[in-house]
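Chains as they are written, first to last, in the working numbering: chain E, 4 to 110; chain B, 2 to 283.
Simulated from the structure, these hints should not be mistaken for laboratory data.
The model shown is predicted, which means the values in this text are computed figures rather than measured ones.
For glycine and all other residues, C-beta sits at the position ideal for the given N, C-alpha and C.
Each hint should be verified, as a subset may be incorrect.
[As the list claims (entries may be wrong)] Stretches of chain B that chain E covers, calculated by requiring three or more beta carbons in the stretch to come under 8 angstroms of a beta carbon on chain E:
1) 235-243
2) 246-254
3) 257-264
[As the list claims (entries may be wrong)] SDA-like, lysine to any residue: derived pairs with alpha carbons at most 25 angstroms apart:
4) 81/E with 168/B
5) 219/B with 268/B
6) 98/B with 212/B
7) 163/B with 78/E
8) 194/B with 212/B
9) 55/B with 8/E
10) 131/B with 242/B
11) 24/E with 129/B
12) 219/B with 25/E
13) 256/B with 19/E
14) 105/E with 219/B
15) 256/B with 97/E
16) 80/E with 174/B
17) 14/E with 58/B
18) 268/B with 25/E
19) 81/E with 249/B
20) 219/B with 52/E
21) 131/B with 78/E
22) 98/B with 242/B
23) 268/B with 74/E
24) 256/B with 84/E
25) 219/B with 89/E
26) 256/B with 16/E
27) 81/E with 263/B
28) 256/B with 135/B
29) 80/E with 109/B
30) 55/B with 109/B
31) 26/E with 135/B
32) 81/E with 238/B
33) 268/B with 89/E
34) 76/E with 260/B
[Stated by the list, open to error] Label pairs and their computed distance ranges (CB to CB):
35) 129/B with 89/E: 16 to 26 angstroms
36) 52/E with 259/B: 15 to 25 angstroms
37) 250/B with 12/E: 31 to 41 angstroms
38) 67/E with 215/B: 40 to 50 angstroms
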Amino acid sequence: MPKMLELIDFKVGMELASPIKNKYGQLLIPEGTKLEERHKTILLTWGIQSFYIKDEEENYEVQYDEETISSVKEILKKRINWNFRNNNEEELYNLALTELLKKRNTN
Amino acid sequence: MNSIENIIHNINNLQTLPTIYSSISEAVSDPLATPEKLSKIISMDQVSSFKILKVANSPFYGFRGRIDTISQAILYLGFSEIKNIIFALSIVSFFSKNKAILNFRPVDLWAHSIGVGIATRIIGSSVGEKNLENYFLAGIIHDIGKLLFFEFISGDYEKVLKFVEGNNCSIKEAETEVLGIDHCRAGQLLAEKWKLPPSFNDAILYHHAGVKGDEQNKLIASVHIADILARALELGNAGDNLIPQPNFKVWEIIKLPGGFFPSVRDKLIEDFNQTVRLMLIE
Numbered sequence: 004m005p006k007m008l009e010l011i012d013f014k015v016g017m018e019l020a021s022p023i024k025n026k027y028g029q030l031l032i033p034e035g036t037k038l039e040e041r042h043k044t045i046l047l048t049w050g051i052q053s054f055y056i057k058d059e060e061e062n063y064e065v066q067y068d069e070e071t072i073s074s075v076k077e078i079l080k081k082r083i084n085w086n087f088r089n090n091n092e093e094e095l096y097n098l099a100l101t102e103l104l105k106k107r108n109t110n
Numbered sequence: 002m003n004s005i006e007n008i009i010h011n012i013n014n015l016q017t018l019p020t021i022y023s024s025i026s027e028a029v030s031d032p033l034a035t036p037e038k039l040s041k042i043i044s045m046d047q048v049s050s051f052k053i054l055k056v057a058n059s060p061f062y063g064f065r066g067r068i069d070t071i072s073q074a075i076l077y078l079g080f081s082e083i084k085n086i087i088f089a090l091s092i093v094s095f096f097s098k099n100k101a102i103l104n105f106r107p108v109d110l111w112a113h114s115i116g117v118g119i120a121t122r123i124i125g126s127s128v129g130e131k132n133l134e135n136y137f138l139a140g141i142i143h144d145i146g147k148l149l150f151f152e153f154i155s156g157d158y159e160k161v162l163k164f165v166e167g168n169n170c171s172i173k174e175a176e177t178e179v180l181g182i183d184h185c186r187a188g189q190l191l192a193e194k195w196k197l198p199p200s201f202n203d204a205i206l207y208h209h210a211g212v213k214g215d216e217q218n219k220l221i222a223s224v225h226i227a228d229i230l231a232r233a234l235e236l237g238n239a240g241d242n243l244i245p246q247p248n249f250k251v252w253e254i255i256k257l258p259g260g261f262f263p264s265v266r267d268k269l270i271e272d273f274n275q276t277v278r279l280m281l282i283e
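When you get a sec, could you build the whole thing from the sequences and use the hints?
Pasting the structure below:
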């Protein structure tokens, strides 16, 4: 899963999850590049404030059992009474579901 | 006097925005304005100066801790952005924050609005919008109509909140049903009174619809999605807990890449927590 970072969080060795382009749409650094110090200069030069990297921590996500997921989905039905029509809407639904699951986990 | 008359009467009698905002707006619209002149006006108000520096150094501008003076803030962020920060800070202090109705508190509504402001800016940035200055502020003020209801018709607004609870409907539907006017329209009346730019007026009036006629309006579309995103992440309280379906036309106006929402979640929540602390707590 890509993760948005700011320039201040730049670290050598991070892997770009999406290409960085300037405001004219020209490619500055391609997707998949392992960032080096010189790339920071490119970002500073073009005033790029944020970029996406591959998030290595995603494998540490908490796993939930089917029963918990089903009960949280039931609760969510009262708040989301529609079916998703594209990937963006599916992501919104999943964000809301994850948020509820996390809250249940911490309570 | 019914609710609509009451709201219109109160808006008409509402005072103008704080002096610092008027002075800055005037200075910014002067083609001969210099950063020094602007800096001087802002620096006269020490409380505002202090808060502006804090906001300018907040994570979503990306200059964390590197802006030490108002002149630097103007140089890095530009006139319009500074004007918008002042406006955002002005309206947060303009309305009372201690008029809770049932479990709905103005600070929770502000927290929702801050969440929407940050999300609107992130969405605008992701769709390649060049003039992002208005994005944060449009999100901050999108629900300003609800604050009017808090301020002037709290008794009637309690009925609205009870209607929401009893009918599992949106607060907008409940407002129309109980008051005969919703927060979008009330907010727009205030925007007119304060002579806010048309883009803000539209963001307030059309943020639920997501579109204004056939216009390809990215700002309205961004606020529309940001509102839904803030609700999904439970950032603050919008007055009801529904997560409405986006207007499908909006996806044509702002084409967000696959994986966009999960990828911005952490940054959005981090920026939200810091900005809430800055604007509502410190």
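- Is residue 55/B within 25 angstroms of residue 109/B, Cα to Cα? holds (21 angstroms)
- Taking 25 angstroms as the top limit, are the C-alpha atoms of residue 80/E and residue 174/B close enough? holds (19 angstroms)
- Task: Establish whether the coverage given for the region 257-264 of chain B by chain E is satisfied; the threshold is a Cβ-Cβ distance below 8 angstroms, and no fewer than three residues must meet it.
- Result: holds (count 8)
- Item | Pair hint outcome, residue 98/B versus residue 242/B [Cα-Cα no greater than 25 angstroms] | holds (21 angstroms)
- Message: Next pair to validate is residue 55/B with residue 8/E; report whether the Cα-Cα distance is within 25 angstroms.
- Response: Holds, because 20 angstroms separates the two Cα atoms, which is no more than 25 angstroms.
- Would you mind confirming whether the straight-line C-alpha gap from residue 81/E to residue 168/B stays at or under 25 angstroms? holds (11 angstroms)
- Item | Satisfaction of hint between residue 16/E and residue 256/B, Cα-Cα up to 25 angstroms | Measuring from Cα to Cα gives roughly 30 angstroms; hence the hint is violated.
- Message: Given the hint of 15 to 25 angstroms, is the C-beta distance from residue 52/E to residue 259/B inside that range or not?
- Response: Holds: the Cβ-Cβ distance is about 22 angstroms, inside 15 to 25 angstroms.
- Query: If you draw a straight line from the CA of residue 256/B to the CA of residue 19/E, is it 25 angstroms or shorter?
  - Reply: Distance of about 21 angstroms is within 25 angstroms: holds.
- Query: Going straight from one Cα to the other, do residue 131/B and residue 242/B come out at no more than 25 angstroms?
  - Reply: Measuring from Cα to Cα gives roughly 33 angstroms; hence the hint is violated.
- Task: Confirm or reject the claim that residue 250/B and residue 12/E have a C-beta distance inside 31 to 41 angstroms.
- Result: This hint holds: roughly 35 angstroms between Cβ atoms.
- Straight-line Cα separation of residue 219/B and residue 89/E no greater than 25 angstroms? holds (19 angstroms)
In this structure, the hints that do not hold are numbers 6, 10, 14, 21, 23 and 26, in rising order.
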